[in-house]
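Model the full structure from these sequences, guided by the hints.
Protein chains in written order, with my numbering: chain A, 1 to 374; chain B, 1 to 161.
Just so you know, these hints were derived from the structure itself, not from any lab. Just so you know, even glycine gets a beta-carbon here, dropped at the ideal spot from N, CA and C. Take these hints with a grain of salt, some might be off.
Within a straight-line C-alpha distance of at most 25 Å, the following computed SDA-like cross-link-like pairs (lysine to any residue) qualify [stated by the list, open to error]:
| # | chain 1 | residue 1 | chain 2 | residue 2 |
| --- | --- | --- | --- | --- |
| 1 | A | Lys125 | B | Trp43 |
| 2 | B | Lys55 | A | Asp115 |
| 3 | B | Lys140 | A | Leu101 |
| 4 | A | Lys105 | B | Pro157 |
| 5 | A | Lys111 | B | Pro157 |
| 6 | A | Lys118 | B | Arg145 |
| 7 | A | Lys124 | B | Arg145 |
| 8 | A | Lys105 | B | Glu40 |
| 9 | A | Lys125 | B | His27 |
| 10 | B | Lys106 | A | Leu102 |
| 11 | B | Lys156 | A | Asn62 |
| 12 | A | Lys117 | B | Leu44 |
| 13 | B | Lys112 | A | Lys124 |
| 14 | B | Lys156 | A | Leu94 |
| 15 | A | Lys111 | B | Glu28 |
Ranges of calculated distance between the beta carbons of each label pair, as one might list FRET restraints [stated by the list, open to error]:
| # | chain 1 | residue 1 | chain 2 | residue 2 | range |
| --- | --- | --- | --- | --- | --- |
| 16 | B | Glu52 | A | Thr126 | 40 to 48 Å |
| 17 | B | Thr73 | A | Glu65 | 36 to 44 Å |
| 18 | A | Ser339 | B | Thr2 | 54 to 62 Å |
| 19 | A | Arg63 | B | Glu52 | 32 to 40 Å |
| 20 | B | Leu44 | A | Gln83 | 43 to 51 Å |
| 21 | B | Glu3 | A | Pro43 | 52 to 60 Å |
| 22 | A | Ser79 | B | Ala109 | 31 to 39 Å |
| 23 | B | Glu52 | A | Ile143 | 49 to 57 Å |
| 24 | A | Leu102 | B | Ala126 | 19 to 27 Å |
| 25 | B | Glu3 | A | Ser339 | 53 to 61 Å |
| 26 | B | Glu152 | A | Asp77 | 21 to 29 Å |
| 27 | A | Asp107 | B | Thr2 | 49 to 57 Å |
Listed below are the residues making up each chain.
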Amino acid sequence: MYFLLYVDKELSAEERIAVEEFVLTNMDLKPELDLLLETTMSPDEIVFDEKAGLCKYEITENRLEESMLLYLDNELDASLVEQMDATIIADDKLKREWNILLHTKLDNTEKIIFDNKKSLYRHKKTRVVSMRFWRVAVAAALIVGGIFTGFSIFTKRSGKLDVAVAGKENLLGKKIGSPLKTIISTEGKTNGDQQPAGKAIANVKNANNIAGKYNPAHDAGQKDITIQKGDAKKELSATTKRTQPGLSLENINIPKSNETVSSTVRDDIKPLTNKNELARLEQKDLGLGSLVTSKTGLEDKEITLSTNSYAKNTVVDQTATETSENHILFINEEKINRSKMSGLFRKVKRVISRNANVKTGNSIQIAGFEIAAR
Amino acid sequence: MTEKEYNNCVNLYADNVYRFILKNLRHEEDAKDVVQGAFEKMWLNRDQVDNEKCKSYLFTVAYNQMIDHIRKTKRISLKESFTEQERGSDKQQYNAKRILSEALNKLSATQKSLVMLKDYEGYNYAEIGQITGLNESQVKVYLHRARLQLREYIVKPENVI
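So, in structure tokens, the structure goes:
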């Protein structure tokens, strides 16, 4: 009972001392007293930090000066501003005091310019790699050398033979079918009156259609010459022999249609204008760029291989075996002058050659144009 | 704070800081040195400085450097007139400014700084306390004392406007 009163601090000082002495003499009771003491709670220190918001401020006579200073500093509570204004206006003495206080306020429109702002600006340092003169010179030399090498390779390739005659097997096997390639295939039908080849049909085909349209099982009498435009160097260079003579004109079939196929061969070769010469060509192997004008049995049908820009860009090639019946004439399309003017000239030339109805042997050749002499 | 924000801060607040320091030190070269030092420190600590608080940071640094400078050199000397800006055409206005300037120079460095931060920059008591390292109550008391001292000076008979 005394322990509880002790814990609740309800005992007098003498009684508390008596209790403490009793516990000291009877130590077995001390744990019980300590246990009771632990059951008491001590107050926590919790601070309400918004007391200032709860305080009320009133403008009183003894606080007028402070209120005016707060008003001057714009620190006066908004709810008191009107009251302060009214108080100042109502009292002349306060009004005078207020005017004096207003003069203690500094003019914030006063400008003092710091005239060295450039020294304050900062910029992050970025790494700049300097390039010395010799490095620039080496770089320029490499670029020039690369351009020169590329140009020389390009010109060297352009000088190679561009006309190839390849065998039929070669054509099928390698699938020469670039869209840029055009194959002019002359399918001949044997005509006893004319060349052994007889009639010829000139067909201009897209190379893409070759594989599909070409029939390897074509009749033995037919002889094909295929003229292919385009750069087929990659596909053909390994398998074809360039500038091999041996283009047998018995393989050339006279075109059946009225279409005139003009191709070009080298300038230094004279035009062949009749079938006899064609026959002669059969015996003599044709070199690169032979100029051939082949006339069919029909008067208005002819194949004219005249001198023009194709000649320089055409390669006659033949397959490995001269006995092969199929030949391809490749024309390097890149080298062909494809300008608008040359196209116009070609058209004009075709029209003239058609209208002039050129007859072999009686033609007049002016500036690459051949006009038949009637 | 980015480089752009820093340079923008230079454009916005360099004049204000310079005015604040110059009015306190009354020595142009020293004031420029303090401004340079303040901006240099802000540049070095730009990663820790929030762009929205750059002005406060700048004034804090400038104020501390100014106090250090005053302690080191103790080179404060009265200067009757700062610049020709004070030579206004209106004589009465000129007299008012001159008298107020004289009164301001009678204040302690802390009081002067408090008045200028309040009137020039428009900071409230709490912000001034952050800049100067004082608590809000101290700012309030010091500032009120400064005001009353200024008032006493300008109402003297020889200074009556």
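Output the indices of the hints that this structure fails to meet, ascending.
Hints 5, 6, 7, 8, 9, 13, 16, 27 contradicted; others consistent.
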